[in-house]
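Chains as they are written, first to last, in our numbering: chain A, 15 to 353; chain B, 15 to 353; chain C, 15 to 353; chain D, 15 to 353.
Hint data in this document are derived by calculation from the structure and do not stem from the laboratory.
One or more hints might be untrue.
It does not matter which identical chain is meant; a pair holds if it fits inside one copy or across any two.
Stated by the list, open to error - Computed list of lysine-lysine pairs in PhoX-like fashion (alpha-carbon distance at most 20 Å, straight line):
| hint | residue 1 | residue 2 |
| --- | --- | --- |
| 1 | LYS75 | LYS245 |
| 2 | LYS158 | LYS245 |
| 3 | LYS75 | LYS275 |
| 4 | LYS145 | LYS290 |
| 5 | LYS84 | LYS275 |
| 6 | LYS245 | LYS275 |
| 7 | LYS245 | LYS100 |
| 8 | LYS20 | LYS88 |
| 9 | LYS107 | LYS290 |
| 10 | LYS158 | LYS100 |
| 11 | LYS213 | LYS84 |
| 12 | LYS75 | LYS290 |
| 13 | LYS75 | LYS41 |
| 14 | LYS88 | LYS290 |
| 15 | LYS84 | LYS245 |
| 16 | LYS75 | LYS107 |
| 17 | LYS158 | LYS290 |
This one's a predicted model, so the numbers in the text were calculated from it and none came from an experiment.
Now for the letters of each chain:
There are 4 protein chains.
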Amino acid sequence: MIIVVKPGSTQEQVQEILDQLDAHGLKAHVSEGSERMIIGVIGDKSLLSLDALEVLPAVEKLVPIMESYKLASKAFRPQGTSFEIKDVTIGGKELVMMAGPCAVESEEQVETVAAQVRACGARFLRGGAYKPRTSPYAFQGLEKEGLQILRRVADRHGLLVISEITSENDIAFAADYVDMIQIGARNAQNFRLLSAVGKSGIPVLLKRGIAETIDEWLGSAEYVMSEGNYKIALCERGIRTFETATRSTLDLSAIPVLKSKTHLPVIVDPSHAAGKALYVPALSRAAIAAGADGLIIEVHPNPKLALSDAAQQLTPEGYRILTDEIRAMCPILGRTYPQ
Amino acid sequence: MIIVVKPGSTQEQVQEILDQLDAHGLKAHVSEGSERMIIGVIGDKSLLSLDALEVLPAVEKLVPIMESYKLASKAFRPQGTSFEIKDVTIGGKELVMMAGPCAVESEEQVETVAAQVRACGARFLRGGAYKPRTSPYAFQGLEKEGLQILRRVADRHGLLVISEITSENDIAFAADYVDMIQIGARNAQNFRLLSAVGKSGIPVLLKRGIAETIDEWLGSAEYVMSEGNYKIALCERGIRTFETATRSTLDLSAIPVLKSKTHLPVIVDPSHAAGKALYVPALSRAAIAAGADGLIIEVHPNPKLALSDAAQQLTPEGYRILTDEIRAMCPILGRTYPQ
Amino acid sequence: MIIVVKPGSTQEQVQEILDQLDAHGLKAHVSEGSERMIIGVIGDKSLLSLDALEVLPAVEKLVPIMESYKLASKAFRPQGTSFEIKDVTIGGKELVMMAGPCAVESEEQVETVAAQVRACGARFLRGGAYKPRTSPYAFQGLEKEGLQILRRVADRHGLLVISEITSENDIAFAADYVDMIQIGARNAQNFRLLSAVGKSGIPVLLKRGIAETIDEWLGSAEYVMSEGNYKIALCERGIRTFETATRSTLDLSAIPVLKSKTHLPVIVDPSHAAGKALYVPALSRAAIAAGADGLIIEVHPNPKLALSDAAQQLTPEGYRILTDEIRAMCPILGRTYPQ
Amino acid sequence: MIIVVKPGSTQEQVQEILDQLDAHGLKAHVSEGSERMIIGVIGDKSLLSLDALEVLPAVEKLVPIMESYKLASKAFRPQGTSFEIKDVTIGGKELVMMAGPCAVESEEQVETVAAQVRACGARFLRGGAYKPRTSPYAFQGLEKEGLQILRRVADRHGLLVISEITSENDIAFAADYVDMIQIGARNAQNFRLLSAVGKSGIPVLLKRGIAETIDEWLGSAEYVMSEGNYKIALCERGIRTFETATRSTLDLSAIPVLKSKTHLPVIVDPSHAAGKALYVPALSRAAIAAGADGLIIEVHPNPKLALSDAAQQLTPEGYRILTDEIRAMCPILGRTYPQ
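Only chain A is shown next, with the shape it has when bound in the complex (with noise of 0.2 Å):
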C-alpha cells in the first residue's frame, strides 16, 4: 500500500502516519516527488484497518498495490485449477456444457431436456429449485423436491446438477442431491454463505455479483477457499449497468482479466446476462471464442416452441445448432468438446 502524502502538512501530522504504522508493526518507506511526499507501506497489512489511517489529516488518499486474495491468486496456482467432479473436469483443455431449465417445473419436464443437452454434449443439468426472485409473490421454486428431481433425471442421463442454494442451512439436504452447488449473484457478498459452502467441500459454481469488481469477486472467492474448499469456478453472468436493452452487460473482458488474475475456471452464463434467447448464441460463441472453460446455458423445453425459429428461441434445437457451431470451433482455439 502506499499513502500519498497531503501537501502542505506538517512535519507532526506526517510523524502521526509513522506512528501509526509502527504501532501496527509496519515498515513505512518515504519518498519525496517533486510535489508529493509518498509513504509506501511494507509488512502485513491485514494488521491495520485503513479507517484508522484514512482520518489523519495528512493522508490524501491510500493507494493499495496488492489484492486482498491470496489462495485465489494467479500466484498461488500459475499454471491454473483443474479439478474432477466425478468422471467431468472442470478447467480443463475439455469444455464443460451446463445446461437444463430456468426453473424445475416437473419431472417430465425436465426428463425431456435433459436427454436432448446430453446428446449435445452436456455433462451438467442445471435447473433452479430455489429461486431468489425479486418479490417474495412470485414463484420460488419446488426446493427439495426440486434438488430430488433433478438428480433422479440426472442419474439416468449419466449427467451431474448443479443446482442454487441460498441458505447455509439448506446446505447439508443439497449434499445428498448436487454435484456443484451454484451461488447466485444475489449472494454473491453473503460470505456466511460462502464460508459455509467452503467448509462442506462440495464444489461450487460461484457466480459473481450484479455490482462485484473482479477484485472483490476474487475476494468472495477466497471466502470460500479459506475454508479449505479449493474446488471452485467462477461464472460470469453479465454486470449492472445503464444499458437495458440486455438484462445485464456480460462482461467477456472478465475472462482474459481473470486468466491474468487468477488460476480458477471460468464458466459463462449467457441466458441470465442477455435476458433474451435471441442472444445467446451468440454470445456463447463469443465466450468460448474469449476463452471461457465452459458455459452454463437455459433450454426451454417446450416443444411448441419448437415450431417457431429455433436458433432463435434456444430450444433444444437451437441448443443443438450452437453447440454445433462450438464443437467447430474447439481445435481453433486448443480446446476440445465433450462426447
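Start from chain A and add chains B, C and D according to the hints.
Only chains B, C and D this time, still in chain A's reference frame:
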C-alpha cells in the same frame, strides 16, 4: 402489463399469445396502433411466468405497468408509516439520529462515543458486531460479544441498539440485545435472511443494495412485510457508479422518489456512501433537506483526532457541529430535533 | 505517478522502464517492498506517453498521484473563485438563481416566466435556443431567434441571459445576446468547443458530462481556463447510473468533493437530473444544504398547470414556494438570498 | 407511446390529457385495466413535446413503444447494409480489418506498421491525428500533418485511411486525406458534428458514446443518415461501468442487439475498451465470434517491444498471431478473411 407485438407477426402467432394469457386466467385487451399492435393484460400476473411469454415469437417486449410490491407501496398506507421502538418514533415529525463507531472494538471505545452522541440528540447507538468484509482475512467483528457490549453501553446512556445481522442463524441471539436489526447492502437481496427477520418481528433497517433499483429495494422490503413485520425503515447508503471520488454515489433523489412510491420511513447513511468523513456534514444536511426521516452516522471516538480539524474528521466534536446545523434547519423543514 | 513492477520481472525488464523514463527526462525512485517493487516517477509527466510505459513487460500498473489539471485545482486559488457578470456575483456569499423554460418557444412564453422568476430572486433567465436532442426529428430550438427573444425579455426584467451553445461557430453570434454560455452534458468533452469558449472570454457554465468523473470534469474546465478564461462555474446535472426512477442520478456528493478539489463555483441543475418536477423541490433544498452556490431550475409557464398541485408541477407558484424555503435556509448555511 | 394514468385521477384530469393529444393531432385509445387506466397514443408523436405531457397531473408515466430512429432501424433495410469504399466492402461477408498506431507520431512510425498490418489482411490504416485528450496539456496530435502522413503511407501500401475528426470545421480539409471519418466516443452526441459529417457524404465510423444506450447510439446514427449519408458503420468501443480492471467494459452483447435493431454494419474496437494489449486477442476473437463485421485494433510499431512477449504486447507479431486465429475462425462463422 402491456405486450408489444412484433410487426409482421402472423395471426396465429398473436393467437399463441392470447392462448397463453387465457391459459393463466388473464384477460387481454388488444389495441392496434398505426405501427404496432399492443395487448393490455388484465388480471393477476403472479400466475404467469414472464419467461413463458417472452419466448413467444410475436412478443417484441413486455412493459410492466404495475409494481410487483403491494404492502410496501404508497397506496397501502397513503398517510405514511411511523412506528415506535421503545420511546423512539421512526417516521414521525421528529428526526431519528443513529450514531456510533464503525466497528465495536471494546467497551471503552463504545462508552466514549455513546455519551457524546447521546448529548447531541442521538437515540440509537450503532456499531458493527458482525462485519461483512470483502476479504476473509480482514477483521470480522466481535460478533456476539460486540452485541453484548452495545447493549450494556446503550442501557447506561438511554440509547437503543441497532446492529447488522448477516445470517438467519444469528437472529435468535441478537433478539436479546438489539432493538433494531440492520440488513446490510450485501444482504439486500438475501431473501432467506429477509424472510427470517420478517418472521422475527424485530424492527428492521433495510439498507439498499449497492446496485439495487428503488423498485427492487421495495421488493426486498416486501419480503420482510409479507411475513407480517411492518416495522421497517429504508436506508439509502449510496449506489455503485463509475465515479470513484466517493466510495459510493449517495442517491439523494431516492428520498423524494421513495416518498412518492412508499409509505416507509427513510434513513440516510452518509458515512458509508462518502467513504470520507470530510464529505459527511454536507451530505447529512442535504439528506435532511431532501426529506430524510433520520441519519445513521459513524463517529470516531479517537480522542487524538479531536486535535485535528474537528468538522472534517467527524470526531465527536465534528458530530456536535453537524447536529447543531441540522437542529437549526428543522423548523424550516417542518421537523423537530430530538433532545 | 507510481509504477508497480510485475513480480518476477527480470533486471533487464526493469531497466527498460528506467531507460524509458530517463529518455523523457524523468527521474525514478525505486523502492522494494516485501512483495512488489515500486518506482516513483518524478518530473513533468506530460512529456511521456503513458501508453509507451504500459506496454512494457515489467509494468503491472501505473498509479497516478497528481491530477492532470492545474488552473482548476484548489491549490491554484485556495480562497475560492468568485466573479462578476454585470451586477451579479457568481461564487460569492449570495446564492445565484437561474430559472426559465426548458426551451424558448415564443416571446410571450418567456415573458410570463421572466417576470415571475425575477420576483422570486432569479437573476439569470435560462431557456434553450439550441437544443441537443437525441432524435434529429425532435424540436431543435429556435436557435438565433431564441437567443434574441431571451435578450429582449431579460433586458425588460433586469435579468442576465444564460443559454446553451452547441457549436464553436455560434459563439460569435451568441456573444451579442448571452451573458453566460452554457456547455451541455453532451458537449462536456467536446474539447474544440471548450477551447473556443475559452478563447471567447465569455463566462461559462460547464455542465458535467453524463458519465464524466469529477477529475475528467475538471480536465474539461482546464480546457476553458488554459485559454485564459477563468470565468467558469461548474454545473452538476446528474450522472448516468443503473437507476431509472430518475432520468439521471443527481450526484450531490460532487458538491463537497468539488469544494475540496477546485476553487470554481458550483451550480446545481435538479430539473434535468430528476426528469420529474415532483422531485425538484427536495433536490433543490438538498443542493443548497450541501453547499451549492446556486441553482438552475426549469419553470413551466403554462398558466393552466397552475390550477393543479403547484408545488409538484413547479409552475411559477411552485418555484415561489421552493425559493421561499431556500431563502429561509440561507442564514443557517451562512448564505444570503438575492432580492 | 402509452400513457399510464395515475390511479385516483379525476375525469377532468384525464380529459386534460386527451385534449393535449387532440391539440397535437394525435388519437387516443383508452383502455381500463383492473388497476390502471392506459391511453395508447396513435399518430406522429414528433409533433408533441413529451414534457408537455409529463407535467399533467394525471400522467403517471409515459412508455415509449417505438424507437425514435427510422433510417437506422432494421425495418428500413431488413436485408442489412453493405457499402463500398474504393475496393473495400463494409458490412459484407468479408471481415474488415482496420489497424495502426494509436497516434500518428511520424511518417517512419506509420510506415513500419502499415506494411506489417497490410500483410495481415488489414485494409484500413488507422491513426489519431486529432486526439481528444482529457487534459489540455497532453499531446493533441499532429492534426493536418498527421492526416497527410496517413494518406501518403496508406497510398504506398494500398490501404484506405480512417481517422478521427473532432470539429465540423476540419471536415473540408480531411475530405482530401481520409476515406472514412471516425467520430469518437466523446463526440458521439455532438449533433452538430454528426449533421456536418452527414452533409459531407464521407463514410463514417460512429463510435458509441461512453454512456450511450444502444437506442441513443442509433439516434446519433440517424443524425448522419437524415442528412442523406447512409455510408455509416457503428463501432462498439466499451461503455463506462463500475469495473476498473479494464478501461471500459466492452459490450459485446451490443453486437447481437444491433443486428436485431439496425441494418448498419458493426465494427469492434477492443484496444480502447481493454486499455491493455494483453486482453486484446481474447476480445478480438470474441467480437468476431459474436458477429462483428470487422475490427479496429491498435498496433504498436516499437521494434524494441517485439523482443518481449509478442502475443501479449500486440506488437506487429502479436497482431499477426491474432489475425491468424481470426482467419481460421472465419469459415465456421460463414465469413471470409481479406487477403
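- [ ] Check LYS245 against LYS275 for me: Cα-Cα at most 20 Å, and say if that holds within a copy, between copies, both or neither.
- [x] For LYS245 and LYS275, the Cα distance is within 20 Å only inside one copy (17 Å; across copies 41 Å).
Open item on the list: My question is about LYS84 and LYS245: at a cut-off of 20 Å on alpha-carbon distance, are they close within one copy, between copies, both, or neither?
Closed with: within (15 Å within a copy, 42 Å between copies)
Task: Within, between, both or neither, where LYS145 and LYS290 count as close if Cα-Cα is 20 Å or less - done: Within one copy only: 19 Å inside a chain, 35 Å across chains, cut-off 20 Å.
- [ ] If the cutoff is 20 Å on CA atoms, where do LYS158 and LYS290 land: within, between, both or neither? Let me know, please.
- [x] neither (28 Å within a copy, 46 Å between copies)
Task: Homomeric proximity label, LYS75 with LYS41: Cα distance no greater than 20 Å - done: Intra 18 Å, inter 23 Å, cutoff 20 Å: intra-copy only.
Open item on the list: Within, between, both or neither: how does the pair LYS245, LYS100 come out at a Cα-Cα threshold of 20 Å?
Closed with: within (12 Å within a copy, 49 Å between copies)
- [ ] Pop the pair LYS158 and LYS100 into one bin, within, between, both or neither, using alpha-carbon distances up to 20 Å.
- [x] neither (23 Å within a copy, 40 Å between copies)
Task: Status of LYS245 relative to LYS75 across identical chains (alpha carbons, at most 20 Å) - done: neither (37 Å within a copy, 30 Å between copies)
Task: Homomeric proximity label, LYS107 with LYS290: Cα distance no greater than 20 Å - done: For LYS107 and LYS290, neither the intra-copy (29 Å) nor the inter-copy (26 Å) Cα distance is at most 20 Å.
Open item on the list: When Cα atoms must be at most 20 Å apart, do LYS158 and LYS245 count as within-copy, between-copy, both, or neither?
Closed with: Answer is neither; intra-copy 24 Å and inter-copy 31 Å both fail.
Task: Within, between, both or neither, where LYS20 and LYS88 count as close if Cα-Cα is 20 Å or less - done: Between copies, since 12 Å is at most 20 Å while 34 Å is not.
Task: Same-copy or cross-copy closeness of LYS75 to LYS275 [CA-CA at most 20 Å] - done: between (25 Å within a copy, 13 Å between copies)
The structure is inconsistent with the numbered hints 1, 2, 9, 10, 16, 17, although it conforms to all the rest.
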